[in-house]
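Colleague: One-letter residues, chain by chain:
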Amino acid sequence: MAKKLPATDVVVVGLGWAGSIIANELADEGLSIIGFERGPWRDTAADFNVASAADELRYNRRQDLMVRTRQNTTTIRNSVNETALPMRSWGSFHPGNGTGGAGNHWAGITFRFQPHEFRLHSHLSERYGKELSPELTLQDWGTDWEEMEPFYAKFDRLAGISGKAGNIKGVIQEGGNPFEGARSEEYPNPPTQQTYAPTLFAEAAKNLGYKPFPVPSALVSQSYVNSLGVAMGPCTYCGFCTNYGCANYSKASAITTVLPALIRKPNFTAMTNCEVLRVTMDSSGKKATGIVYMDANGQEWEQPAELVVVSAFIFENVRLMLLSGIGKPYDPVTNTGTTGRNYAYQTANSVRMFFDDKNFNPFIGGGAIGMGIDEFNNDNFDHSGLGFVGGGSTRVTPIGAAPIDSRPLPPGTPTWGSEWKKATVKNYASTMSIGCEASSYATRTNYLSLDPTYKDPLGRPLLRITFDFPENDRKMAAYVTGKVGEIAKSMNPRQMVPSSQQGHWNSAPYQSSHIVGGFIMGADPKNSSVNKHLQVWGVPNLFVVGSSAFPQNPGYNPTGTVAALAFKAADAIRTRYLKRPGEMISV
Amino acid sequence: MKTLLTVCAGVIGLSLNMAHAATGADSYNLVEKGRYLTTLGDCTACHTMPGKPLFSGGVILDTPFGKLAGANITPDPVNGIGRWSFEDFQNAMSKGHGLDGKRLYGAMPFTAYTKVTREDNQAIWAYLRTVDASDNHVETNQLPFPFNVRTSLIGWNLINFKEGEFKANPQKSEQWNRGAYLVEGLGHCGTCHTPKNLIGGDKNEQFLTGANLQNWVAPNITSTGHDGIGAWSEADIVKYLKTGANRFDIASGPMAEEVEHSSQHWTDQDLMAVAAYLKDGAKPVEAAKPVAATDPAMVAGKAIYADRCSACHTPNGEGVANLFPKLAMAPLVNSNDPSSLIRVVLAGSRAGSTDAAPTAPAMPAFGWNLSDENVADVLTYVRNTWGNAAPAVSSASVKDVREALTPK
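So the protein lines, in turn, are chains A and B. Residue 496 in the numbering used here sits at position 496 of the first sequence; the count goes up by one each step and never skips. Residue 402 in the numbering used here sits at position 402 of the second sequence; the count goes up by one each step and never skips.
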């Protein structure tokens with residue numbers, strides 16, 4: 001039986017990007033806030049020592065920053081006809097743990113979604129009409145670019161994003177991404193300097209008539225003090241970035257940009273190593289009354305609150321809603337219910353190139369240091385007659401080439417022995433890859449639910465993922481990979497190896513942690529879970545924030561949009577909800 | 001007649017004071033002024049243990065002569081100073097006398113506090129009367145024989161103590177005089193930054209030129225020496241004291257505590273006065289001759305610096321503003337005494353966190369994977385490159401600091 005604690009104004013579940021941003025915004029409103037985090041307190045000074053942060057065994061192989069699967073994992077299957085099995089070590093994706101969450105070990109690529117994304121279903125229906133495949137369950141977001149832009153700008157300033165604007169107030173800017181939505185201002189920091197491989201790619205892309213631009217980066221290019229007074233230092237291109245915490249205060253995360261300021265505020269308390277078990281509701285089912293959590297000693301506590309913000313990783317957001325009975329669980333057979341609906345992923349493609357006469361010094365790099373083009377992304381090209389919609393962000397971002405895992409070898413190379421060693425020496429420094437991080441569009445049969453068989457150590461059902469790549473996305477993958485191949489060919493490699501996402505989803509190899517949907521935002525409570533303020537339909541004092549709100553995933557990395565949605569929800573609470581508590585949108 | 005006039009004036013003064021005290025607003029203002037002054041004086045540094053009631057004492061000061069503990073200065077009549085009168089307090093501040101004339105040790109910086117005006121002491125006293133009484137019992141004198149005998153302090157005071165309120169220098173501006181009053185008086189900067197003689201008294205002729213306390217070097221903060229703050233502007237000084245960080249340096253160790261507890265809360269006006277005073281009389285000095293770049297220690301140190309230090313402090317020793325201290329031409333780096341440098345390389349150090357600069361970045365410890373010789377070489381290199389010039393560091397000095405830092 002949970003012991004009841006004195007009530008507080010707000011509880012925030014999860015202290016990654018979304019939770020930290022919202023907690024900080026609401027703390028400025030003078031509210032008393034308790035933030036809950038299932039993992040430990042993480043802090044650059046204590047956890048990411050420059051003398052030990054570059055530990056590939058610890059952070060990459062043993063996944064030290066990710067949640068332990070014995071504590072919490074998901075079960076997986078490709079279709080409703082299969083029995084799902086639990087993921088016992090992280091493969092396909094890397095859920096984080098501890099303050100900062102997955103934002104500690106992310107790559108730092110910080111795109112804004114394009115204006116047409118927020119009305120994707122309407123946009124594509126208008127443009128392609130009946131050509132649009134009935135397989136897809138695309139939806140509009142219930143918001144638009146004009147509403148989103150100020151919050152993207154706010155995040156850029158918080159995280160010190162480094163880049164070159166392509167469109168300021170409708171005026172196209174030389175050197176930036178001409179496909180981006182109109183920005184209100186230039187990036188707060190100039191682009192990072194480029195290493196050799198991205199430079200070469202940009203030249204080749206330019207020669208083919210494309211418009212290369214520096215990938216927007218949360219690894220800052222220069223010394224920066226953010227909007228909260230927190231200082232960041234320039235990226236050193238150390239090459240231990242994705243899957244690692246940053247020891248140089250260069251990679252923006254909640255722990256490098258928000259928590260140092262937030263934790264000083266007397267009206268904020270962080271409860272770490274405390275796992276939230278469920279959201280508690282009153283008997284009407286229309287009001288959240290707080291949360292129940294378990295502390296590190298296994299003691300259960302009930303924390304009552306006036307306002308509940310659930311801002312954990314997507315899996316836990318959706319699972320907590322299912323465990324708390326909030327919203328009707330989605331049923332793919334009847335196509336009813338909203339909790340678990342429109343689960344989507346990211347479609348990863350690449351073309352690897354082997355050269356004889358190049359030295360890329362691949363150990364120099366960072367997760368978001370690179371050049372990209374957007375000609376084949378989303379609806380930036382005419383899809384008429386192609387038989388698919390969507391596309392991907394094409395780019396070269398060498399993240400570093402750490403000694404254990406970096407073995408770029410041509411197909412057919414033995415996996416051990418002297419031939420393998422020789423091939424490693426020959427190819428390690430002279431190989432580069434062009435990636436294409438492509439869209440993942442929702443279908444009726446891709447969804448999230450509670451697993452009927454497998455439970456976590458506390459006896460709660462695990463979250464079950466039912467997912468496979470839609471036909472639409474496979475066609476798209478083949479097409480964009482072909483386009484990337486044309487650029488690669490123009491660079492005259494000795495050998496090129498294209499890899500486009502074909503066949504079924506395989507959960508074993510790492511692909512992307514860009515997982516979306518399951519508790520999506522929209523304008524209609526019949527097919528969405530939260531309104532455009534991230535407020536749960538029918539439970540006005542509950543907000544659920546994260547990539548769980550995306551109705552589908554464009555060909556971009558999600559973090560910038562997760563953070564913008566967090567600012568958006570906080571703004572709605574500050575400027576509207578606190579003045580008139582209740583449903584901000586009535587339908 | 002003269003006596004009578006004085007008495008009259010005294011009576012009038014007293015009745016005026018009582019009239020002031022009688023209005024709530026004035027009494028509030030007096031207490032608030034006292035609160036600010038205790039912050040200026042950083043009284044909590046010695047009189048409040050972290051997490052314990054305000055001013056309940058017990059903070060241990062490890063002096064070269066043994067341990068002293070900060071007293072309980074709450075209004076508790078038994079364990080605090082509840083039985084004291086204002087005059088007793090005034091005596092403590094100006095004369096270094098406790099109740100009944102008991103002499104205080106110089107760890108209570110009355111050699112500086114003697115300069116505090118009686119008026120300011122009245123405000124401090126008014127504030128101290130308002131804090132919650134705590135019955136925390138503190139044994140302040142934990143010194144070994146013979147230092148624990150307080151009569152020894154009579155001689156100490158004769159040599160080291162000059163009683164008397166601050167006297168303004170009419171040749172200088174009001175701002176300069178305010179700065180001098182704060183630095184020499186309540187701010188008691190010299191307690192750490194002025195070299196000590198053999199019996200622990202300030203060498204006043206070397207006021208603020210740097211000293212070593214518990215293996216932390218409090219650097220030269222005058223504007224005159226090669227190892228001083230001549231390159232800092234007044235704005236740099238203000239920013240450092242207000243936020244703990246400026247384009248040159250970041251406070252760590254005891255100075256980080258000072259910034260956190262005290263100077264970040266000073267008014268900008270007071271900080272500017274301090275800066276004006278410290279910068280007065282700045283003059284360029286000829287640099288000492290650095291150790292030759294060809295010296296084997298310099299060659300080895302250069303390689304270690306490139307591998308282990310340059311990612312943060314940058315290859316040219318410029319550092320990164322607000323995060324990683326600049327090493328080129330830094331006062332601490334050029335100090336004759338390398339103890340602080342050795343200490344932070346071996347054990348690491350974390351900067352203070354302030355409202356204006358909450359980051360609190362850290363220098364990681366390298367003692368676990370750099371040998372005494374490695375540390376000596378890299379520090380010799382840092383102290384003699386980019387315009388720096390300071391004596392080479394020996395591995396014996398590193399060994400000494402390593403031993404001092406090892407828990408016994």
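Calculated directly from the structure, the hints in this document are not laboratory data. Since we're looking at a predicted model, the values are computed, not measured. Glycine included, every Cβ here is placed at the ideal spot set by N, Cα and C. Warning: the hint list may mix true and false statements.
Unchecked claim - Only part of the chain A face toward chain B is listed, based on derived beta-carbon distances under 7 Å:
1) Leu-200
2) Ala-204
3) Gly-233
4) Thr-236
Colleague: Tell me, which hint numbers fail for this structure?
Modeller: Hint check: 1 and 2 fail, others pass.
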